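Trainee: Since each chain comes alone in its own frame, lean on the hints to assemble the complex.
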Amino acid sequence: MDAVKFYGNLIKNNIDKNNPSKSLNLIKTGLKFTSEKLKLSPVKAYPPSLQYLDKLCVDLLYDPIRYPENSCWVNLFAPSEIIHAFGIYPLFIEAFSSFLTGFKCEDFFIDKAEECGISNTLCSYHRGFLGAGSKNMLPKPRFAVTSSIACDGNINTFRYLSAKYDVPCYVIDIPYNYNEESISYVEQQLEEMIEMIEDVLGKKLDEDRLREVIQNENKTRTYMNTYLECLTDKYFPNTLTLEMYKLFATHVFMGRTETMKFYQMLAEDIKNYPDIEKDTNVKRIFWVHLIPFYQKTLREYFNLSKKYQLLGIDINFDYMGYLDEKNPLESIAKKMLLNCYNGKFERKIDNVVNMVKYLNADAVIDFHHFGCKQSSGGSALLKEAMQKNNIPYLSIDGDGVDRRGTQDGQIRTRLEAFFEMINNGGN
Amino acid sequence: MYYLGVDVGSVSTDIVLIDENFKIIDKVYLKTKGRPIKAIQDGFRELKKYKKEEILAAGTTGSGRQIAGYVIGADVVKNEITAHAVAALYIDKDVKTIIEIGGQDSKIITLKDGVVTDFAMNTVCAAGTGSFLDRQAERLEIPIDKFGEYALRSDSPVRIAGRCAVFAESDMIHKQQLGYCEEDIISGLCEALVRNYLNNLAKGKEIKQKVFFQGGVAANAGMKKAFENALGFEVYVPEYYSYMGAVGSAILAKEYYEKGNKTKFLGFNIADLSFNTKTIDCSGCSNRCEVVEMLRENKPIGFFGDRCGKWSEKVKAS
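So the protein sequences, as listed, match chains A and B. For the first sequence, position 271 matches number 271 in my numbering, and the numbering has no gaps at all. For the second sequence, position 50 matches number 477 in my numbering, and the numbering has no gaps at all.
The following block holds chain B by itself, in its conformation from the complex (with noise of 0.2 Å):
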């Protein structure tokens, strides 16, 4: 039997499955590309194999949490700063900092006690994220998955501006044209990187021992060392290092259903249903709400957006 985590994040859809003992079963990993549902369908789709009933509880979490709540059937829907935290916590108890860099965002996780004591997310800035690494790799017609190994190759890294992703990809491009070689700018790149989260996400805060580094830039190795190299200790990078939202989402689903609660979860059948969402203007009163109607097979299955329940728990009651 086993507990489901799904993690819908802007860049990456993460699917894990993990059993009584916390030990992950099967996982799967898709670009999101914009269209949440179709992920998630398509990630069930290679977890056909599992039946309904061999799902104790699932849970969701990431930016898409609550899109994909109401698509799965999910049990627990939570916000990534706590499930990253639960894995990362489920996985050694005495991890104090979790560096996590995701697609489009960036966190760094105080915990104490194991309990999140502290916590900051960057704000509109893509500087330092996934996705302008993977832009960086791509106009350098460099492989993402080759950036941490150029970046290791490196002897002296040239020094990026990396405060903002415009005046970083510029002052690249101008050290390109100075002649220095590739691995030198990928490295100095991801020095930058450690730099500006350090300076930004990282001010006034106590980077305390033990420190994991999670979420997908966590593969490039390039980060892991510059990030040792600015701290001047040992950051660690869990096994499932861009699965730890979706682990931590399964394990606050298998806590809800050893507090013997029963699944919502639909099956992974889901995958062959029509999605589709449209947005209704509610007049009930002054507040005007714009309601987000989900359907599946054209029939509601949720509602979110209204404030006073009047929608939401409409489908809840039926």
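Okay, chain A solo, but in the shape it has when bound (with noise of 0.2 Å):
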């Protein structure tokens, strides 16, 4: 008997005898039960800082529901530094719809938000949090915060979420073109926000914790930039899940002294790690968009391998700056402009080669979550211009968190031929 699938058929049990609340009890008793087993038996194969991490990403899933008086909702392109100079926990959307299908329940939220007329085009990470909304599963946080970068299906997430809570919403408009004016539209909108929140909890945004928040994050971006420079030409594990999870630390949750510490760990855990040998087997993969972190085939081949070595995913790379401390919102609102998921593809493009080249990846794989139309429709843009630099290029569909919508039988033949190409020399 699968543990896990039978716990997530309890969590679905309660919801439809109508005792969501229950439900909710079982989510956070299970990520308790996470948190402490991981507490005292972290991954023996993990080296510190990703058994650090590991836990972590538990912890700060848990913290806003266990806490909702003092938490808000946010999506992961959101202004995490205002967040956290506010000490609001935020419940980071993606990554509940993802712990739901850690829990082997994904199928029923998501069809759930289909049943009250939400279609089913709408990307499933969305699907999953507006179904647990649906059946009043989700504690009422105190605000929602959202941005349109990258994705504007989240809009209309957040709107009717926060509708059908009672809760203020703030969706942070993001324009396409970096210029003076964009930049002081962008500040300006954060000021309504922050008065927004200002409002709700009855008290001042404390400007020395915001330049805190930055100082750390920045501080955070000094030991990425160590780790990065290692990564260059050197072996260091990874897998799936913990990918995932470092979207947590590169953007949700930037700018807390617990992201700080890990890539402070992470920078000093690679350099126990060997250099890449010159004529090695070794093929460095470089990820584009989302990983299915729950897929059979793909973690058989990527976790922990040292044959193929997962080197990261383009969005934790997203912006690689460093924030001014002395003008926070002026910077932070420059910051969400010049994210490369926002404005043309081609940022992102350029942005993929760069890191390629950076980090010495042999090849690419660019994940198409079905719902994300960015990701399909830019593609064949994304193709060109990995042809155009000689880098081998994968493109495989799915789902990031819906198991039903990824076929295993044709992730498993197109990633074995890819394999089979890269290590014959073909691109």
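Simulated from the structure, these hints should not be mistaken for lab results. Heads up, a few of these hints could be off.
Stated by the list, open to error - Quick list of in silico lysine-lysine cross-link-like pairs, PhoX-like style, CA-CA up to 25 Å: (1) Lys344/A x Lys630/B; (2) Lys357/A x Lys632/B; (3) Lys388/A x Lys635/B; (4) Lys234/A x Lys219/A; (5) Lys388/A x Lys573/B; (6) Lys373/A x Lys630/B; (7) Lys686/B x Lys344/A; (8) Lys573/B x Lys652/B; (9) Lys278/A x Lys306/A; (10) Lys373/A x Lys454/B; (11) Lys637/B x Lys388/A; (12) Lys388/A x Lys539/B; (13) Lys454/B x Lys476/B; (14) Lys44/A x Lys737/B; (15) Lys705/B x Lys5/A; (16) Lys479/B x Lys307/A; (17) Lys737/B x Lys37/A; (18) Lys307/A x Lys686/B; (19) Lys28/A x Lys12/A; (20) Lys44/A x Lys234/A; (21) Lys283/A x Lys539/B; (22) Lys737/B x Lys5/A; (23) Lys219/A x Lys271/A; (24) Lys737/B x Lys306/A; (25) Lys523/B x Lys388/A; (26) Lys17/A x Lys164/A; (27) Lys520/B x Lys450/B; (28) Lys296/A x Lys705/B; (29) Lys296/A x Lys737/B; (30) Lys686/B x Lys479/B.
To be verified - What the simulated footprint calls covered on chain A by chain B, stretch by stretch (three residues with Cβ under 8 Å from a Cβ of chain B suffice, anywhere in the stretch; the number is not a length): (31) 149-163; (32) 407-417.
Quick caveat, the model's predicted, so the values are computed rather than measured. Glycine included, every Cβ here is placed at the ideal spot set by N, Cα and C.
Mentor: The structure is reproduced here in structure tokens:
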């Protein structure tokens, strides 16, 4: 008997029995248990930094569920610095949906969203969260904040659920162009957003605290750069889940001391790993977009693999600059505008090409998550750019969270053929 | 002495025997019908005249390659893209593009200097695959092997919306109700499928000559003609177009043997043994792998689905 599946069924059954708080308690218990388990017996094959991240992400998801009165809903591209300066626990909705997949109950919540009339073409990260919201399983946060970067589908998710839960919501509109006008436009919105949060919380933003958060972020960036410099010619273990967990660190929890500690440990750990020898058979793979972390064949090939080293996903490197602590809001506005997922697809392509070259990657795998139009829509352009740069490229389709949307046979055949191709020198 | 290649696809299971000179000595074509083990066993029954000792090595490919590998004791288990490319290159080393359309998937493979340099496969859409043509043949009550002849008799193909199998079917019904003849509708369907293939799978790819058209759908002369019309040059259908996966697999088995390896082939008598599978939920770690155990005469012969090798290595070791 699959214990996780059994547990997932309990979560589902309690929703069906109109007992959403019991389902939420099961999720909380599951997270608490996992956190305790990882504390007592971390995965031995991971270096300390990855063991730390493994537990940290469970805790970071647990906090806003545990303390909803001090939480907010955010998406991947929300301005985390301001949220942390207010001392609020963000519930990162894409991560919540991913954990539903971890509990093997994502299908149920996705279907619940569809039963409410949500289109099945909407991203499943959102459908999962909407399904949980529609069944009143989510605890009520204080407010919600999102941005239009990369994903405009998420705006409707936030508007719908914040209206349902009667919580204020701020949507930051990020223009495609980067100029004085757009910087000032985003900065103004950030000010309005801060006012909204101040009204909700009944306290002013502590500017010193915001500066501290930005200092943490800049230090984190330095550790991250040290790690990346080492990664250019070193082997370092990775798994699909850990790479997705890094999104916690590079985005929603950027600026927190825990994130800084993780990258500090990572920068130290990698020094203990060997250089990749010349003429080695190791193939270094750079991944584009999201990873279906649950997928059997991909886990088999990549998790802790010494043959196919997963270097990273491009979203973890979508903005690599430092922030100006003297002009925090302007700096955050610039960061959002310059995110390579904002604006023309060519920005994303340039980032992928630069990262592939910098990290000495041998090949690129581009995952098209169903429901994410920018990803599949831009694949022909990305492929063309890879061909121009002589970088072998594979595109695979599937769903980042919904197990039903990924065909194992298709993935296995493509992956095996691709590995044979790159091992034989084809591109 | 021979080399065996088995291609277990979603619709058909093809088995070939080749000799030292790559000549096809024997071949069997069966419908898989969702029961790959039975299809292999039925095929092996027809090949019982060959002794186990005559087979120097065996290979499997196709979507059922893994299960087939356990059943026959394969030496090489390879994906169908590699197998098709190997077979095409053996026949003609100048081939630059392979159009392969099978029962439930279609592929394009690009080659340069005898190496696969790019490929694409259709995803979850069945439009343009053999199964869709089969279904339309059945609906029109025309034997599938006559589909090509019908298409070639057409002078003015009807334009069919071929982007989606569901819409293509309703469009065909609509065109029938408007009174178009079957020949023009079938020819129009072939053109629509080719258009769909070139717009989706071959999108952004330069289709360089020489082009091979292989897989079961290559039997349809109407499809060959539609590809030639669309591309403006000749498309070659190799003699054993529907066995190319199995041929490639046999060639890979030959390469395996020539490297000095011994075969694990179990012989054609496996046709008379009982095979079944069962699923085990491994509780060894938090991965909780769903392991499939394969049994021959109720004895385990293989496991797959475990990430750590705890189960799959068990059989290798014993």
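Trainee: All hints are to be evaluated individually against the structure, with a verdict given for each.
Mentor: Here's how the hints hold up against the structure:
1. Lys344/A x Lys630/B: Holds, at roughly 21 Å.
2. Lys357/A x Lys632/B: holds (24 Å)
3. Lys388/A x Lys635/B: Measuring from Cα to Cα gives roughly 18 Å; hence the hint holds.
4. Lys234/A x Lys219/A: holds (22 Å)
5. Lys388/A x Lys573/B: violated (45 Å)
6. Lys373/A x Lys630/B: holds (17 Å)
7. Lys686/B x Lys344/A: violated (51 Å)
8. Lys573/B x Lys652/B: holds (15 Å)
9. Lys278/A x Lys306/A: holds (15 Å)
10. Lys373/A x Lys454/B: Outside the cut-off at roughly 45 Å; violated.
11. Lys637/B x Lys388/A: holds (23 Å)
12. Lys388/A x Lys539/B: Judged against 25 Å, a Cα distance of about 16 Å means the pair holds.
13. Lys454/B x Lys476/B: The hint holds at about 13 Å.
14. Lys44/A x Lys737/B: holds (17 Å)
15. Lys705/B x Lys5/A: holds (18 Å)
16. Lys479/B x Lys307/A: violated (36 Å)
17. Lys737/B x Lys37/A: holds (22 Å)
18. Lys307/A x Lys686/B: holds (23 Å)
19. Lys28/A x Lys12/A: holds (14 Å)
20. Lys44/A x Lys234/A: Status holds; Cα separation ~20 Å.
21. Lys283/A x Lys539/B: Holds - the C-alpha atoms of Lys539/B and Lys283/A are around 21 Å apart, at most 25 Å.
22. Lys737/B x Lys5/A: Satisfied, since the Cα-Cα distance of roughly 21 Å is no more than 25 Å.
23. Lys219/A x Lys271/A: holds (18 Å)
24. Lys737/B x Lys306/A: Distance ~18 Å between Lys737/B and Lys306/A Cα, so the pair holds.
25. Lys523/B x Lys388/A: Roughly 19 Å between the alpha carbons, so the hint for Lys523/B and Lys388/A holds.
26. Lys17/A x Lys164/A: holds (21 Å)
27. Lys520/B x Lys450/B: holds (16 Å)
28. Lys296/A x Lys705/B: holds (18 Å)
29. Lys296/A x Lys737/B: Holds. Lys296/A to Lys737/B sits at ~16 Å (cutoff 25 Å).
30. Lys686/B x Lys479/B: holds (20 Å)
31. 149-163: violated (count 0)
32. 407-417: Since 8 is at least three, the answer is holds.
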